[in-house]
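Residue numbers (UniProt numbering), protein chains in the order written: chain A, 1 to 207; chain B, 1 to 207; chain C, 1 to 207.
Among these hints, one or two may not hold up.
Note that the list lumps identical chains together, so a pair holds whenever it fits in one copy or between two copies.
What the hints assert, rightly or not - List time: in silico EDC-like cross-link candidates among lysine to aspartate or glutamate, alpha-carbon distance up to 20 Å:
hint, residue 1, residue 2
1, Lys80, Asp94
2, Lys80, Asp25
3, Lys108, Glu2
4, Lys80, Glu2
5, Lys191, Asp94
Since the hints were made in silico from the structure, they are not lab data.
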Amino acid sequence: MELIYTLDILGTFAFAISGALVASDKNFDLFGVLIIAFVTAVGGGMLRDVLINAHPINWIGDLNYVWTILAAVITTFLFKSKILPLSKTMFLFDSIGLGVFTLLGLQKGLTYELHPIVALIMGMISAVFGGVLRDILTNKVPLIFEKEIYASACLLGGISYLTLDVLHLNNNINFVISATIIFIIRWVAVKYHLQLPKIKDDLFTKH
Amino acid sequence: MELIYTLDILGTFAFAISGALVASDKNFDLFGVLIIAFVTAVGGGMLRDVLINAHPINWIGDLNYVWTILAAVITTFLFKSKILPLSKTMFLFDSIGLGVFTLLGLQKGLTYELHPIVALIMGMISAVFGGVLRDILTNKVPLIFEKEIYASACLLGGISYLTLDVLHLNNNINFVISATIIFIIRWVAVKYHLQLPKIKDDLFTKH
Amino acid sequence: MELIYTLDILGTFAFAISGALVASDKNFDLFGVLIIAFVTAVGGGMLRDVLINAHPINWIGDLNYVWTILAAVITTFLFKSKILPLSKTMFLFDSIGLGVFTLLGLQKGLTYELHPIVALIMGMISAVFGGVLRDILTNKVPLIFEKEIYASACLLGGISYLTLDVLHLNNNINFVISATIIFIIRWVAVKYHLQLPKIKDDLFTKH
Numbered sequence: 001m002e003l004i005y006t007l008d009i010l011g012t013f014a015f016a017i018s019g020a021l022v023a024s025d026k027n028f029d030l031f032g033v034l035i036i037a038f039v040t041a042v043g044g045g046m047l048r049d050v051l052i053n054a055h056p057i058n059w060i061g062d063l064n065y066v067w068t069i070l071a072a073v074i075t076t077f078l079f080k081s082k083i084l085p086l087s088k089t090m091f092l093f094d095s096i097g098l099g100v101f102t103l104l105g106l107q108k109g110l111t112y113e114l115h116p117i118v119a120l121i122m123g124m125i126s127a128v129f130g131g132v133l134r135d136i137l138t139n140k141v142p143l144i145f146e147k148e149i150y151a152s153a154c155l156l157g158g159i160s161y162l163t164l165d166v167l168h169l170n171n172n173i174n175f176v177i178s179a180t181i182i183f184i185i186r187w188v189a190v191k192y193h194l195q196l197p198k199i200k201d202d203l204f205t206k207h
Numbered sequence: 001m002e003l004i005y006t007l008d009i010l011g012t013f014a015f016a017i018s019g020a021l022v023a024s025d026k027n028f029d030l031f032g033v034l035i036i037a038f039v040t041a042v043g044g045g046m047l048r049d050v051l052i053n054a055h056p057i058n059w060i061g062d063l064n065y066v067w068t069i070l071a072a073v074i075t076t077f078l079f080k081s082k083i084l085p086l087s088k089t090m091f092l093f094d095s096i097g098l099g100v101f102t103l104l105g106l107q108k109g110l111t112y113e114l115h116p117i118v119a120l121i122m123g124m125i126s127a128v129f130g131g132v133l134r135d136i137l138t139n140k141v142p143l144i145f146e147k148e149i150y151a152s153a154c155l156l157g158g159i160s161y162l163t164l165d166v167l168h169l170n171n172n173i174n175f176v177i178s179a180t181i182i183f184i185i186r187w188v189a190v191k192y193h194l195q196l197p198k199i200k201d202d203l204f205t206k207h
Numbered sequence: 001m002e003l004i005y006t007l008d009i010l011g012t013f014a015f016a017i018s019g020a021l022v023a024s025d026k027n028f029d030l031f032g033v034l035i036i037a038f039v040t041a042v043g044g045g046m047l048r049d050v051l052i053n054a055h056p057i058n059w060i061g062d063l064n065y066v067w068t069i070l071a072a073v074i075t076t077f078l079f080k081s082k083i084l085p086l087s088k089t090m091f092l093f094d095s096i097g098l099g100v101f102t103l104l105g106l107q108k109g110l111t112y113e114l115h116p117i118v119a120l121i122m123g124m125i126s127a128v129f130g131g132v133l134r135d136i137l138t139n140k141v142p143l144i145f146e147k148e149i150y151a152s153a154c155l156l157g158g159i160s161y162l163t164l165d166v167l168h169l170n171n172n173i174n175f176v177i178s179a180t181i182i183f184i185i186r187w188v189a190v191k192y193h194l195q196l197p198k199i200k201d202d203l204f205t206k207h
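Sequences and hints are given; from them, build the entire structure.
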């Protein structure tokens, strides 16, 4: 559990930095940057907790999220020109966060005795909606809808977790394996520019 | 009740298709389309249930919503070029959904012992906010604010339901009558391009 | 308490008018204007109540909010050309609302036994998110992120309240003092065009 909590904080830090970078590119002031970083980092888990009625919701019950986000914004503020060349490091953190958030959300859903499919959707909401809210607040079409294999990676990792869970694999090992699957899928997808198909024309008609 | 449930599923299907069509026009990938369809179909009811603390919220308590949305997205994916010429059919479904969602939301509000006016607002939120969320996520000014008589139709149908309810009309008959009112108002409004007035200049001053 | 309630209603009225003015500038129809006014006026408190699980949420538990918003929209509708020259009056109301909403939210957070830092964030959410939602629904980058000292004023007023509360100052006096601090900071900031720093370049590197 402590490994998972550490990964959760790392993921929160990475998501907060990604939010802060987007907001500062938009020329937001310090407070705007803080809000966007906050929403990006805890927005997905917050929405999940509201939907499944899990109170106190994530950041209300544990101030470490607030401190982590504050640290991320200060880091961005002080070292912006040094972070950008580190984008590979950021991508690494972000991908870790993606895996961790998906599985934490899924686990929480199962703890609340949701149907596995609903728990899976909760995992995806946890991982994905922080970024969606970030994009809405900065008035962009959410990135995820257009070119990221993001959500598919979460889905497959979540299915892996549920499958191994049915097979009674140890929880921590399952967590690490399934998070790694999410991580690898996203990594490969970005490296080779893989995309999901789009509904341009329907499958049966060509013009 | 079974008639109403059937109409609910039909409305969900129609709203999901409307979301999927908008998302695929925006060139979203398969997952983006799925998310937009989901939010369009269950977003209004989800918001209502969160606001009135009705847990489990709509789609968490009944997986049929998820299957219906999945079916709608697959339908859109396979038959897009055939759906568009069917836009009259879609408009029909969508208008049915509008009426059904308004009255279901209103009924749920009354069940939770809300003041009738609050219940009426809940009905309108149920019917309208799925489309609003769809438009926010696809970065458009929500359609409803600009030219649809959408919300007014819901309001009048809801008032009809509350009035007939006070007169102790049978619930199902009341439901069908009031849903029909919503349906007809919208139909007539779209056909004759009726619009609500706008606050361009105030009523007392002309320049 | 009655003074505070009166200020709350005044703030609601002012926020509703600000929403109605933005929506009518966007050429929304009457219903669109009503929805935007509603969301602007009660959106922040609504979000706060959902997050801290305080049911019934603000406007569901007290219809006076609905009547106040309705009155504000009618006022806007009838007197739009007369309100705009009154923008100083509006700015006055809006600034009062800002202070009142911050402290009401903070107080509510403390009542729900949240950590003071979380209660402070709740105060800021109450004051600020109505405007953020207004800007999202009208498809603009939220004003607050770009040039307003808005959130900072709330933060400082909230810290003042918490500090004086620790010193056991009478609640009402504390409320008025801290609201006045928020009011003055905002007033001065707008008058002298004060802004928070931005993360354009990092502090240690010049290029």
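Here's how the hints hold up against the structure:
Taking identical chains as interchangeable, the C-alpha atoms of Lys80 and Asp94 lie at most 20 Å apart only when both belong to the same chain, with a minimum of 17 Å there against 35 Å between chains. With identical chains, the CA atoms of Lys80 and Asp25 are at most 20 Å apart within one copy only, with a shortest distance of 10 Å there and 37 Å across copies. For the homomeric pair Lys108 and Glu2, the shortest alpha-carbon distance inside one copy (16 Å) is at most 20 Å, but the shortest distance between copies (33 Å) is not. Within a single copy, Lys80 and Glu2 get their C-alpha atoms no closer than 30 Å, and across copies no closer than 49 Å, so neither meets the 20 Å cut-off.
For a Cα distance limit of 20 Å, the shortest separation of Lys191 from Asp94 inside one copy, 15 Å, qualifies, whereas the shortest one across copies, 41 Å, does not.
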